[in-house]
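Trainee: The lines below spell out each chain.
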Amino acid sequence: MLRFSDQPSNLALVVYSSRVPAGFPSPADDHIEGKLDLNEHLIRHPAATFFARAMGESMKDAGIFDGDLLVVDRSLTAQAEDIVIAVLHGELTVKRLKKPNGAWVLTAENSVFPDIQITESGCDVWGVVTHSIRRHCER
Amino acid sequence: MPTFGLVDCNNFYAACERVFQPSLNGRPIVVLSNNDGCVVARSQEAKALGIKMGVPLFKIRDIVNRHEVVVRSSNYALYGDLSERVMSILAAAAPQHEIYSIDECFLDLERLPVKDLTAWCRDLRGRAKRWTGIPVSVGIGTTKTLSKIANKLAKTSAKADGVIDLAGHPEWIEMALTKTAVGDVWGIGFRWSKMLSERGITTALQLRNAQDGWIRQRMGVVGLRTVHELRGIACHELDTQPAPKKTTCCSRSFGQAITDKDQVRNAIVSFAERAAEKIRHSDQLCGSMQVFITTDPFDTAAPQHSASASTTFMSPTADSRAVVTAAVRIMERIWRDGYAWRKAGVLLLDLSSTQDVQPNLFTAQTNRSDGLMKAVDRINDRFGRGAVGLGLSAKNAEWRMRQDRLSPHFTTRWREIPRVRIDNVSSDHKTAPDPA
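Same order as they appear, the protein sequences are chains E and L.
Counting from 1 along the first sequence, just add 46 to a position and that's the residue number in our numbering.
Counting from 1 along the second sequence, just add 51 to a position and that's the residue number in our numbering.
Chain E extracted, bound-state conformation (with noise of 0.2 Å):
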């Protein structure tokens, strides 16, 4: 099962509280202050945080990209401006929340695309992307 902040992850970085001097038998020691949790920066509300794949043509000018990995947390209260995962007729898809003037708006963030009136029938937010995850690496 993928778990969240409820147990340890496996990627942990050593913090220091102050510079190592090089070669000087490690005075850090005493100065261990617990690990760095992924999670923890990543996942606020565990109950509520969910992954997804985006796929197809980018959004690029809002920087996610085919094959992304997004974080969604459903627990917050969408607002003018974040990205959203939508319902819209059925299917889940990403998209840009926007209120130019005073009715909602789904926003592609690629001029390619047209904007969606939310007003569409069968139209609904279904959490706020908080993250997005790019791979740089295939190795």
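Derived by calculation from the structure, the hints in this document are not laboratory data.
Given the structure is predicted, the values throughout are model-derived calculations rather than measurements.
Please note that a few of the clues may not be correct.
To be verified - One side of the interface only, derived from the structure: several residues of chain L facing chain E at Cβ under 10 Å:
hint : residue
1    : Pro73
2    : Leu75
3    : Val137
4    : Met138
5    : Lys245
6    : Ser458
7    : Thr462
8    : Trp465
9    : Ile468
10   : Pro469
11   : Asp474
Said to hold, decoys possible - Chain E regions said to be covered by chain L (calculated; three or more residues, Cβ under 8 Å):
hint : segment
12   : 82 to 89
13   : 100 to 108
14   : 122 to 136
Even glycine gets a Cβ: it sits at the ideal position worked out from N, Cα and C.
With chain E held as given, fit chain L onto it using these hints.
Mentor: Chain L only, in chain E's frame:
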């Protein structure tokens, strides 16, 4: 005054199927038992079509085709994950609680500093739905039995908006009990329900008004407790720390009857491995085990036989190798040629916590196997169950569970997380597994 809240997820399995596939909203859904045999869960729309609980799929083919009913294999990884999320939200709101089943949780609402319980429960309900996508209903009563009744009414009444508080509104109780069939009262099973209605007791109200002596004589102390609970006298406490399980079972009906010994052995090896993994997850060791095989009791034309035997371990263990070896030895002992076996299983008994096992001459071996078993569990957690195992259990054998209509493991496997389209919505490969 004790105040219990019962939170129950509405049509839980069907709701789970919808969270990542909103196109299923409003459509009838049924979820099948292991092996895709019978209906074990239904959405409201499926209930409205008259599909009954437990009916085999082949008997409802017509309705399924005519109404385009969505049919799913049970996806327990998904249901378990969403259940954990809902329960953690409830636990954060009400520290004193009892997780009663995968989709039900009792809350102790008595000591909460809350003025308006109904409003508080509506808020909790809204949070569970928003955070997880799972709709829940809440019933409140001065006993667990009354909270169950309140919950059931909260589900069906449109006015209730998902919450009914019988503790704060004792004047509603009479009406609530009148509306509740005696068979729907918590703890009243089929037999008692039949006995009671034969004697003219068909509603919960009539049961509440029955005489103590008569109830005690007919239904014993257990039945009397139920009646007292209907009267508002709490007999069942909140069980906040459920006792650790004393047994673990892994058994399954085969997709088709099996006569071949090797295949049955493979199945038993796999069940034994899985059972050992289960107890390792709860930090337990087993002291003894039982293995059983049975033919199909409904196939009256075929010769019938069922056999089981057990063994005791010299020293409690959770090591797959020890458990599997013992299981195979038992199976060899009880095996008989010439039967069509339909079901097999492995039970691990005398479970104890790894902490309080008394060391003996053989304990040293246990310590050495810990590392290996942890590695096996970690690999299987990461790459999917059955990725590694002992060199005995064959994959894709005939006995393997039939799960033809399984939805993706949206929350428990990286390769199956939901896919969201960036460009304009199209209907293709939203949920197909990642080929990468």
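Trainee: Identify whether the interface hint at valine 137 of chain L stands, where standing means a beta carbon of chain E within less than 10 Å of its own.
Mentor: Nearest chain E Cβ about 8 Å off; hint holds.
Trainee: Using the nearest Cβ pair, does proline 469 of chain L come within less than 10 Å of chain E?
Mentor: Hint holds; proline 469 of chain L Cβ to chain E Cβ min 5 Å, cut 10 Å.
Trainee: With chain E as the partner, please determine if serine 458 of chain L meets the hint condition of a C-beta pair closer than 10 Å.
Mentor: Given a least distance of 14 Å, the restraint on serine 458 of chain L is violated.
Trainee: Is the interface hint for methionine 138 of chain L satisfied, with its Cβ closer than 10 Å to some Cβ of chain E?
Mentor: Holds. Min distance 9 Å.
Trainee: Is the shortest C-beta separation between threonine 462 of chain L and chain E less than 10 Å?
Mentor: Result: holds, 6 Å to nearest chain E Cβ.
Trainee: Next item in the hint list is proline 73 of chain L. Is there a CB on chain E closer than 10 Å to its CB?
Mentor: At about 5 Å, which falls below the 10 Å cut-off, the nearest Cβ of chain E leaves the hint on proline 73 of chain L intact, so it holds.
Trainee: Does leucine 75 of chain L pass the interface hint, meaning its C-beta sits closer than 10 Å to a C-beta of chain E?
Mentor: holds (8 Å)
Trainee: Are at least 3 residues of the segment 100 to 108 of chain E within less than 8 Å of chain L when you compare beta carbons?
Mentor: holds (count 6)
Trainee: Mind checking the CB of aspartate 474 of chain L against every CB in chain E and telling me if the closest is under 10 Å?
Mentor: holds (4 Å)
Trainee: Taking 8 Å as the C-beta cutoff, is the stated coverage of the segment 122 to 136 of chain E by chain L satisfied by three or more residues?
Mentor: Coverage by chain L holds here, the residue count being 5 at a Cβ distance below 8 Å.
Trainee: Hint check: is the beta carbon of isoleucine 468 of chain L less than 10 Å from a beta carbon of chain E?
Mentor: Result: holds, 5 Å to nearest chain E Cβ.
Trainee: The hint names tryptophan 465 of chain L as touching chain E; please verify it with the least Cβ-Cβ distance against 10 Å.
Mentor: holds (7 Å)
Hints 5, 6 and 12, counting from the list given before, are not met by this structure.
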